[in-house]
Amino acid sequence: MKSSVTFKVADLCAALSIPVPDGLGEKIIHGVGTLESATGEEVAFVSKVKYQKEAASSAAAVILTPIDFPGTDERFLPVNNVMESLLTIITMFHPTPKPESFVHSTASVAEDAELGENVFVGPGVVIEGGVRIGANTRIESGTFLGEDTSIGESCWISPNVTILEKTVIGNRVRIHPGTVIGADGFRYELISGRLRKIPQVGNVVIEDDVEIGANCTIDRAFLEETRVGARTKMDNSVHIAHNVQIGSDCILVAQVGIAGSTKVGRGVMIGGGAGLKDHITVGDGARIAGRSAIQGNVAPGAQVVGTPAIDVKSYARFSTFYRNFGDIWPRLRVMLAEFEKNRSRD
Amino acid sequence: MKSSVTFKVADLCAALSIPVPDGLGEKIIHGVGTLESATGEEVAFVSKVKYQKEAASSAAAVILTPIDFPGTDERFLPVNNVMESLLTIITMFHPTPKPESFVHSTASVAEDAELGENVFVGPGVVIEGGVRIGANTRIESGTFLGEDTSIGESCWISPNVTILEKTVIGNRVRIHPGTVIGADGFRYELISGRLRKIPQVGNVVIEDDVEIGANCTIDRAFLEETRVGARTKMDNSVHIAHNVQIGSDCILVAQVGIAGSTKVGRGVMIGGGAGLKDHITVGDGARIAGRSAIQGNVAPGAQVVGTPAIDVKSYARFSTFYRNFGDIWPRLRVMLAEFEKNRSRD
Amino acid sequence: MKSSVTFKVADLCAALSIPVPDGLGEKIIHGVGTLESATGEEVAFVSKVKYQKEAASSAAAVILTPIDFPGTDERFLPVNNVMESLLTIITMFHPTPKPESFVHSTASVAEDAELGENVFVGPGVVIEGGVRIGANTRIESGTFLGEDTSIGESCWISPNVTILEKTVIGNRVRIHPGTVIGADGFRYELISGRLRKIPQVGNVVIEDDVEIGANCTIDRAFLEETRVGARTKMDNSVHIAHNVQIGSDCILVAQVGIAGSTKVGRGVMIGGGAGLKDHITVGDGARIAGRSAIQGNVAPGAQVVGTPAIDVKSYARFSTFYRNFGDIWPRLRVMLAEFEKNRSRD
Chain A
663 MKSSVTFKVA DLCAALSIPV PDGLGEKIIH GVGTLESATG EEVAFVSKVK
713 YQKEAASSAA AVILTPIDFP GTDERFLPVN NVMESLLTII TMFHPTPKPE
763 SFVHSTASVA EDAELGENVF VGPGVVIEGG VRIGANTRIE SGTFLGEDTS
813 IGESCWISPN VTILEKTVIG NRVRIHPGTV IGADGFRYEL ISGRLRKIPQ
863 VGNVVIEDDV EIGANCTIDR AFLEETRVGA RTKMDNSVHI AHNVQIGSDC
913 ILVAQVGIAG STKVGRGVMI GGGAGLKDHI TVGDGARIAG RSAIQGNVAP
963 GAQVVGTPAI DVKSYARFST FYRNFGDIWP RLRVMLAEFE KNRSRD
Chain B
663 MKSSVTFKVA DLCAALSIPV PDGLGEKIIH GVGTLESATG EEVAFVSKVK
713 YQKEAASSAA AVILTPIDFP GTDERFLPVN NVMESLLTII TMFHPTPKPE
763 SFVHSTASVA EDAELGENVF VGPGVVIEGG VRIGANTRIE SGTFLGEDTS
813 IGESCWISPN VTILEKTVIG NRVRIHPGTV IGADGFRYEL ISGRLRKIPQ
863 VGNVVIEDDV EIGANCTIDR AFLEETRVGA RTKMDNSVHI AHNVQIGSDC
913 ILVAQVGIAG STKVGRGVMI GGGAGLKDHI TVGDGARIAG RSAIQGNVAP
963 GAQVVGTPAI DVKSYARFST FYRNFGDIWP RLRVMLAEFE KNRSRD
Chain C
663 MKSSVTFKVA DLCAALSIPV PDGLGEKIIH GVGTLESATG EEVAFVSKVK
713 YQKEAASSAA AVILTPIDFP GTDERFLPVN NVMESLLTII TMFHPTPKPE
763 SFVHSTASVA EDAELGENVF VGPGVVIEGG VRIGANTRIE SGTFLGEDTS
813 IGESCWISPN VTILEKTVIG NRVRIHPGTV IGADGFRYEL ISGRLRKIPQ
863 VGNVVIEDDV EIGANCTIDR AFLEETRVGA RTKMDNSVHI AHNVQIGSDC
913 ILVAQVGIAG STKVGRGVMI GGGAGLKDHI TVGDGARIAG RSAIQGNVAP
963 GAQVVGTPAI DVKSYARFST FYRNFGDIWP RLRVMLAEFE KNRSRD
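First to last, the sequence lines map onto chains A, B and C.
Add 662 to the 1-based position in the first sequence for our numbering, that's all there is to it.
Add 662 to the 1-based position in the second sequence for our numbering, that's all there is to it.
Add 662 to the 1-based position in the third sequence for our numbering, that's all there is to it.
Hints are not guaranteed to be accurate.
Because identical chains cannot be distinguished in the list, a pair is counted as satisfied if it fits within a single copy or across any two copies.
[Stated by the list, open to error] Lysine to aspartate or glutamate pairs mimicking DMTMM-like chemistry, simulated, CA-CA at most 25 Å apart:
| # | residue 1 | residue 2 |
| --- | --- | --- |
| 1 | Lys939 | Asp911 |
| 2 | Lys939 | Asp973 |
| 3 | Lys925 | Glu698 |
| 4 | Lys1003 | Asp989 |
| 5 | Lys859 | Asp673 |
| 6 | Lys859 | Asp989 |
| 7 | Lys715 | Glu762 |
| 8 | Lys859 | Asp946 |
| 9 | Lys1003 | Glu703 |
| 10 | Lys939 | Asp730 |
| 11 | Lys712 | Glu736 |
| 12 | Lys925 | Glu716 |
| 13 | Lys939 | Glu873 |
| 14 | Lys975 | Asp989 |
| 15 | Lys859 | Glu762 |
| 16 | Lys670 | Asp735 |
| 17 | Lys1003 | Asp946 |
| 18 | Lys689 | Glu746 |
| 19 | Lys664 | Asp735 |
Bear in mind the hints are in silico, worked out from the structure with no lab data behind them.
Go ahead and model the full structure; you've got the sequences and the hints to work with.
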């Protein structure tokens, strides 16, 4: 993908603290690509030896490789950690927006809102009373921050996000468009024969370095708090119900749903579309496969899959039976028929 | 959760029409909490005897209890119905916004739109021609109301909601952020070898006292109406397709999807993530478990679960087999092998 | 559904190039309905002979029928293709908005954005630098177009849509409210023991004549592009991850999720709520049933269903076993018990 900035190969090598390949230092590079997509003006990368052939035939100007990558190609840039070097290069070509102190004329900012240094407030943003925003944070167009919301430093809130009252967001949090944080939890009680809404007057707390995808929903707690732990990453359209507690360093893939008051430990991975029942506990380091339905507690470190979810080994056995059912069932049926015929004869 | 208002214990007792406990009447209360979370300046509550110990050790200033709750604690406030009293107290500490007559300067309101008394229109709201809004309704920032939409009295529409043309919404309806009502139903027909879009020119009708969660989608009908019955409650990210009819008093948990023209009766409960096929009927009072796939009609009062959904008793049997498959299958396999060996010998 | 315009029956017949029925030419028609819903001032339609009775008893003023529809009713309007004629009539009563050159005073349009002829820009729209918009395109209120986005001719982008930088959208594309295009793909790598976000600097390309439902999310690619092929139609709340390639003429029903780098061929149908694993290939013309979990490649033309998905015939057999498990299992258990008793006796 072509960038709007360019660098010489020598610039890239300097940034990576590696030697400049002979005769290529002055070459102008326009962006980063894959072995397949990179043009002669782009840098590509390769990690695995099995892509040796693709590396050789790539049109890329230069190619990041592991130190011990086989073959001799003057375009190779051997580095200690390809992915880390790639991050450095991508960030040079595609820097995140620089902090800037700016409030668009169409934004509505309450008089008592406190904005730190270099806060960007885009067009149409609404910031209600009592809101506090830390330094270097970016609030993009159309986003709503309800009363007494607190947002830390160096956050980046995308367009058309809705963050409702009393939400607390840490530092370096990234929230993608369309996400809703702090809507009412879903609880009704039958009181004297009538279903009554139970007011949801708790809040949502998002810890440092969390990333939340597009069109997610994270509901406020009944009385206390719904919490997402530090460094946890959430893909798009994830639903987190009221009073849920998610530990640090978790990965939640798209379309996951977690019902009320469930506790998810640290370092848990939950595959896309999986659903977790309310009031259960998922232990640290557990791995839940995509599209699984979790109907009870999951032990620390457990790996579960299925609807309802069971451990991966049991599931593998069942899955073999299920996939081969067309062969197995006629055999079982023959046996059953003969057994029952003999029995009725007795 | 600390509130911005305070009451004396005597005020709370007066609101509940109960006697003031000796010596506590002047104590200042700052909010409501759980037995676990409440501080010495908050009121807590307990319903079940099994939490007797937690009640005794709670730091709460006062505690709502059932009349016959065991133990003698001067902080206990015995009431006829704990949940009902709790609702009263929570509402004192966290009142819903008072109706106010207000149109923000950045809102775009069509000249012929009719706004009732005490209608609140937030920043950036767009109200198109022919829209009617009843008294005491609140339309929050960034929300869009398309042509000829009608919204009843005492509704509360959250920020960044999109309600498209001709939608009809009753009284006391609550809609959470990011929800889209009245987008086109999804229908294409192969006409002369080409897939053609079938225009969706019906509308959506939401009856009184409905609550709709965040990021839901309710599509307009082809020619007639998509309808959500009175007092039905919908959690987040629920999808309702065109021409669906949902009865009154239903509960739809998060991420439910209902396909086109399906009819759901009264008082139906649908668990999170369940999917209903198009053109089927779900009878009154049916209960559909979370993550189930409904592929045919469901009888009134039926309880179904699974993918595809079957009645709960059959499912429980299958589920036992599935969960114990790792033990059962080796035994079945031994029997099958011996049967087939004997047979081939004959 | 009553329209705001009216036509005489003679006008409708002229538009369809069919003879005017005796004595009905001057009748005023107010809209289109079904056999059941149409009033005496509306036109209805019937395609199938089995609805002959409903047609006879319909209150409709006139009724579109196939040429050879049985019965003689002066209200019948026989046509070659009922659905095609119906499209013509619906479009007369409910025309799409006419292109108009308009930029609302509350929109924020970058100076260097290029707007074609007759582009409509609604209230609160944000158009960033370098954006190009083709002629006759409509951008509705609250929608955000990020830097260097390109949108073709005759597109219709609904309210509160977010389209992020560098997205490329073809001609005649329709996007419904709340949809987010171009948010970051979801990828983290463990580098030196720390989970690092991999910047997503590719883009999204939407080809001509695509329709995208409400509250969908289509993520930008890592380095290259996420692509949705021409004429593909997407229902609400569909999630498309980074680097996914979707062919032309596909149908994706609501709540489908497709994980990263998966390739979907042409003319593929994916039922509601189905989930596709990352890095797999679905062949042209494949059909995936609703709520299925696709864990591997799907062959061209294959029909698959289930969790995990298998071919429809195998699934039908398993499904019969599963649905009748309550009858089958006790018989299997008796046989197994007897077998094991005899065995232990040996």
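Here is what the structure says about each hint:
Proximity of Lys939 to Asp911 under the C-alpha cut-off of 25 Å is found in both arrangements, the shortest distances being 21 Å within a copy and 23 Å between copies. For a Cα distance limit of 25 Å, the shortest separation of Lys939 from Asp973 qualifies both inside one copy, at 17 Å, and across copies, at 20 Å. In the homo-oligomer, the alpha carbons of Lys925 and Glu698 lie at most 25 Å apart only across protomers (16 Å), although the nearest pairing inside one protomer, at 43 Å, exceeds that limit. For a Cα distance limit of 25 Å, the shortest separation of Lys1003 from Asp989 qualifies both inside one copy, at 22 Å, and across copies, at 17 Å.
In this assembly of identical chains, Lys859 and Asp673 lie within 25 Å of each other by CA distance solely across copies; the values are 23 Å between and 61 Å within a copy. Taking CA atoms no more than 25 Å apart as the test, Lys859 paired with Asp989 passes in neither setting, with 53 Å inside one copy and 43 Å between copies. In this homomeric assembly, Lys715 and Glu762 never come within 25 Å of each other (Cα to Cα): the closest approach is 46 Å inside a single copy and 54 Å across copies. Only between protomers do Lys859 and Asp946 lie at most 25 Å apart by alpha-carbon distance; the minimum there is 22 Å, versus 34 Å within a single protomer.
In this homomeric assembly, Lys1003 and Glu703 never come within 25 Å of each other (Cα to Cα): the closest approach is 78 Å inside a single copy and 68 Å across copies. Taking identical chains as interchangeable, the C-alpha atoms of Lys939 and Asp730 are never at most 25 Å apart, the minima being 48 Å within one chain and 33 Å between chains. Taking identical chains as interchangeable, the C-alpha atoms of Lys712 and Glu736 lie at most 25 Å apart only when both belong to the same chain, with a minimum of 19 Å there against 75 Å between chains. Taking the shortest alpha-carbon separations for Lys925 and Glu716, only the inter-copy value of 20 Å comes in at or below 25 Å, while the best intra-copy value is 46 Å.
In the homo-oligomer, the alpha carbons of Lys939 and Glu873 lie at most 25 Å apart both inside one protomer (23 Å) and across protomers (22 Å), since each shortest distance falls under that limit. Taking the shortest Cα distances, Lys975 and Asp989 sit within 25 Å of each other both inside one copy (22 Å) and across copies (12 Å). When the C-alpha separation of Lys859 and Glu762 is checked against a cutoff of 25 Å, the pair qualifies only between copies, where the shortest distance is 23 Å, while the shortest distance within a copy is 43 Å. Taking the shortest alpha-carbon separations for Lys670 and Asp735, only the intra-copy value of 19 Å comes in at or below 25 Å, while the best inter-copy value is 77 Å.
For the homomeric pair Lys1003 and Asp946, neither the shortest alpha-carbon distance inside one copy (53 Å) nor that between copies (44 Å) is at most 25 Å. For a Cα distance limit of 25 Å, the shortest separation of Lys689 from Glu746 inside one copy, 22 Å, qualifies, whereas the shortest one across copies, 59 Å, does not. In this assembly of identical chains, the alpha carbons of Lys664 and Asp735 lie at most 25 Å apart only when taken from the same copy (24 Å versus 66 Å across copies).
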